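Peer 1: One-letter residues, chain by chain:
2 protein chains.
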Amino acid sequence: MPLTRKKALELRSLAQKKARDERGLFVAEGFRLVKDAAESAFEIPEVFFTPEFESTPAGSTLAGALRARGARCERVSAREFAGFADTMHAQGILALVLKKPASAGDLMDRVPLPALLVALDGIADPGNLGTVIRTCDWFAAGGILLGRSSVDVYNPKVVRATMGGIFHVPVATGIDLPAAAARARQQGYKVYVADPSADLFETDLHFTERSLLAFGNEAHGISPELARVADARVAIRRFGSAESLNVGVACGIFLAAHRRCFP
Amino acid sequence: MPLTRKKALELRSLAQKKARDERGLFVAEGFRLVKDAAESAFEIPEVFFTPEFESTPAGSTLAGALRARGARCERVSAREFAGFADTMHAQGILALVLKKPASAGDLMDRVPLPALLVALDGIADPGNLGTVIRTCDWFAAGGILLGRSSVDVYNPKVVRATMGGIFHVPVATGIDLPAAAARARQQGYKVYVADPSADLFETDLHFTERSLLAFGNEAHGISPELARVADARVAIRRFGSAESLNVGVACGIFLAAHRRCFP
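So the protein sequences, as listed, match chains A and B. Per numbering that gives the first Met the number 0, the first sequence starts with residue 0, numbered consecutively. Per numbering that gives the first Met the number 0, the second sequence starts with residue 0, numbered consecutively.
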């Protein structure tokens, strides 16, 4: 049965933040992402796939798992699928996933020790946000506090760049970061802000058992309001002449340094 | 005087590798990149900028510096500029830069100790290659050996993502990496390949004074031919559930680990 025009429009609309916010949904596309979603605790109300997808052994297994967890599965033609898929090579499967927002308070309270929360203050590039989430997933950081001026975490490019991390790393969105950092300090967190001009280096830093590490916007860095709340400004030691590191790369180096503090 | 149609076509053609190869040129766009080019030893035969660009103090200073180093400067209207600029916000300046290819042998011989060369085996994403070069610039790695199946280093997206690193980090392109790695070993280099499944971790690794560190394609990793030549497979210790790290992030963590070996 062909997808109704209304349904196709609705699916395409989820490329826009407004529609995602209204419906509380986001889109996961491609075999790996949908498999990660299926293996997570996220709710998956609806899945769309092509007959070609379901005809492969791996596709058929995943479709079965999705049906078993209650997702409504709709078969659509490859042509219809191409009409609403976001990527060129979408592999013929796409899931609608219910957002599962965490609160900043949840993250601060529930993270096991050594607790490391990452705060992102105005990240603009979807690929960068996705890479940070993927990196937090690798190092099992406790979660991400996403400031109000950051790109939407449910943006399809972000979701794709997380490589499944969106289903593993709790993200609290729309956070007033100076207020959250102040609250974290009251709860025993030490607040670090990444700043290439700082003279405390990641190699000398001993992270405390409860740490909040903030990264700023790609071009403008940390906002003055957030910097004011911080306990320390920290940098990665520079040997050459680059002005800065990519925020995902900086995050990876700091997260590796954090893990070295708790062997 | 308006740009001739022929000139505009020629500039646009440099978005293609074939034209860049034939002319031995690539394009640097925007204030920061062109400034980095002007301060480097790269030859800049020709620059195009708008009157608006030259009317700012910083623009006028840069235009003067470019003239002083012998670049032919052409003023073009904002409208003409938009017709051949690659980025949306190109800031009204664009330089043609002569490629300055290094040879693998040069890099192996000339790098000061501790020598670290990075080899890239089939990097496909321009942003990733640019980020690796930017990261090598930060850590002052000795240079990059770029395998034959990698994206072109002079691709405009790569150049932009290097954030000026293209003018600081020597890159040898079109390299037969298994042969180069074998030769490096003869010259006293130890060859490491990044492999998430290895059981030697960056935290335990003591890099030797001459090190070659290879990263593979984003999806397929290191080629078997290159893996066979390696002295050791190395991984970044994983704590969570991500399958892999972004190659730029992995490169940053290894380069920071390398620097810790030579305090």
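Source of the hints: derived by calculation from the structure; they are not laboratory data. Treat the hints loosely; a few may be bogus.
[Unchecked claim] Simulated DEER-style distance windows between Cβ atoms:
id	chain 1	residue 1	chain 2	residue 2	range
1	B	Glu9	A	Arg227	47 to 53 Å
2	A	Arg11	B	Gly82	49 to 55 Å
3	A	Thr202	B	Arg4	52 to 58 Å
4	B	Phe261	A	Arg109	15 to 21 Å
5	A	Gly82	B	Glu9	46 to 52 Å
6	A	Lys16	B	Gly82	38 to 44 Å
7	B	Leu199	A	Ala197	41 to 47 Å
8	A	Thr202	B	Ala18	53 to 59 Å
9	B	Asp105	A	Gly23	55 to 61 Å
10	B	Ala14	A	Thr55	52 to 58 Å
11	B	Pro195	A	Lys16	29 to 35 Å
What you are looking at is a predicted structure, and each value in this text was computed from that prediction instead of being measured. Idealized CB from N, CA, C, for every residue including glycine.
Peer 1: All the hints need checking, so say for each whether the structure fits it.
Peer 2: Quick rundown of the hints versus the structure:
1. B:Glu9 to A:Arg227: 47 to 53 Å: Check passed, 52 Å falls within 47 to 53 Å.
2. A:Arg11 to B:Gly82: 49 to 55 Å: 31 Å, violated
3. A:Thr202 to B:Arg4: 52 to 58 Å: About 56 Å separates the Cβ atoms of Thr202 of chain A and Arg4 of chain B, which means 52 to 58 Å holds.
4. B:Phe261 to A:Arg109: 15 to 21 Å: The hint (15 to 21 Å, Cβ to Cβ) is violated, given that Phe261 of chain B and Arg109 of chain A are roughly 40 Å apart.
5. A:Gly82 to B:Glu9: 46 to 52 Å: Violated - the Cβ-Cβ distance for Gly82 of chain A and Glu9 of chain B, about 38 Å, lies outside 46 to 52 Å.
6. A:Lys16 to B:Gly82: 38 to 44 Å: 32 Å, violated
7. B:Leu199 to A:Ala197: 41 to 47 Å: Since the Cβ atoms of Leu199 of chain B and Ala197 of chain A sit about 32 Å apart, the hinted range of 41 to 47 Å is violated.
8. A:Thr202 to B:Ala18: 53 to 59 Å: This hint is violated: roughly 45 Å between Cβ atoms.
9. B:Asp105 to A:Gly23: 55 to 61 Å: Given about 57 Å between the Cβ atoms, the range holds.
10. B:Ala14 to A:Thr55: 52 to 58 Å: Between Ala14 of chain B and Thr55 of chain A, where Cβ atoms are some 37 Å apart, the hint is violated.
11. B:Pro195 to A:Lys16: 29 to 35 Å: Holds, since Pro195 of chain B and Lys16 of chain A (Cβ atoms, about 33 Å apart) stay within the stated range.
Hint check: violations occur at hints 2, 4, 5, 6, 7, 8 and 10; the rest are consistent with the structure.
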